[in-house]
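Peer 1: Sequences listed follow chains C and D, in order.
Under our numbering, the first residue of the first sequence carries the number 9, and numbering increases by one thereafter.
Under our numbering, the first residue of the second sequence carries the number 67, and numbering increases by one thereafter.
Hint data in this document are derived by calculation from the structure and do not stem from the laboratory.
Treat each hint with caution, since some may be false.
Below, simulated DSS-like cross-link-like pairs (lysine-lysine); rule was C-alpha separation at most 25 Å, straight line [said to hold, decoys possible]:
1) C:K13 to C:K116
2) D:K110 to C:K50
3) C:K13 to D:K110
4) C:K23 to C:K66
5) C:K50 to C:K116
6) C:K50 to C:K23
7) D:K117 to D:K137
8) C:K116 to D:K93
9) C:K13 to C:K50
10) D:K110 to C:K79
11) C:K23 to C:K65
12) C:K76 to C:K65
13) C:K66 to C:K79
14) C:K50 to D:K93
15) C:K66 to C:K116
Residues of chain D placed beyond 12 Å of chain C at every Cβ, according to the derived structure [claimed, not checked]:
16) R75
17) Q83
18) K110
19) P140
20) V149
21) A155
22) R178
23) V181
24) L182
Heads up, the beta-carbon is just placed ideally off N, CA and C, and yes, glycines get one too.
Below, each chain spelled out in residue letters.
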Amino acid sequence: QQQVKQSPQSLIVQKGGISIINCAYENTAFDYFPWYQQFPGKGPALLIAIRPDVSEKKEGRFTISFNKSAKQFSLHIMDSQPGDSATYFCACPGGGNKLTFGTGTQLKVEL
Amino acid sequence: NAGVMQNPRHLVRRRGQEARLRCSPMKGHSHVYWYRQLPEEGLKFMVYLQKENIIDESGMPKERFSAEFPKEGPSILRIQQVVRGDSAAYFCASSSTAGDTTDTQYFGPGTRLTVL
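Same shape as in the complex, but just chain C:
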């Protein structure tokens, strides 16, 4: 069973700052690593995803950095805004088509 370790559990960032969330995974031969964003009372929504043939992917203020040799990937949120306050989950393929999720990071962006 694929395990995914996500840190930190919670994060407080000042508006305009950089939010960084990290995930580490175990052995995998799969090629898809998504990040999901979840607001209270809502379902998770895909934020950004990366394939391990690249080391970085950027979409707007969101960047995934991927280190295949270390089996780690991280989410960077540049110029963090109060509207980014949410819970963020990393995920890995868990065998077959299922996803294995990290335990989540509660991000709060303060004014």
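Using the hints, position chain D against chain C.
Peer 2: Positioned in the frame of chain C, the structure of chain D alone reads:
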């Protein structure tokens, strides 16, 4: 293009009753996944279905839980004789017909089950 739909959004059951959760995938999607989220925890995979077939049920409890995705109509997650530990948010996701591991899974808003 409507997203993944789930109903009911909130469900209250007493211990011993049955809970039925429904999921309609996105249009054109024939792969459905169910996940459970306990308070302050991440999502845990339960079951993966295609039309009329259970593909992977490795995350389903052995007893009281069942799932189906009939040829017509929504996918159903059924919990018999509910217990307080079943209280959680249950999310359905769907993906396109490719069924590839890289296919994006789109999640519904969830059903929040409370067992009294």
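Peer 1: Does the structure break any of the earlier hints, and which numbers would those be?
Peer 2: As far as the earlier hints go, 8, 16, 18, 21 and 22 are violated by this structure, in ascending order.
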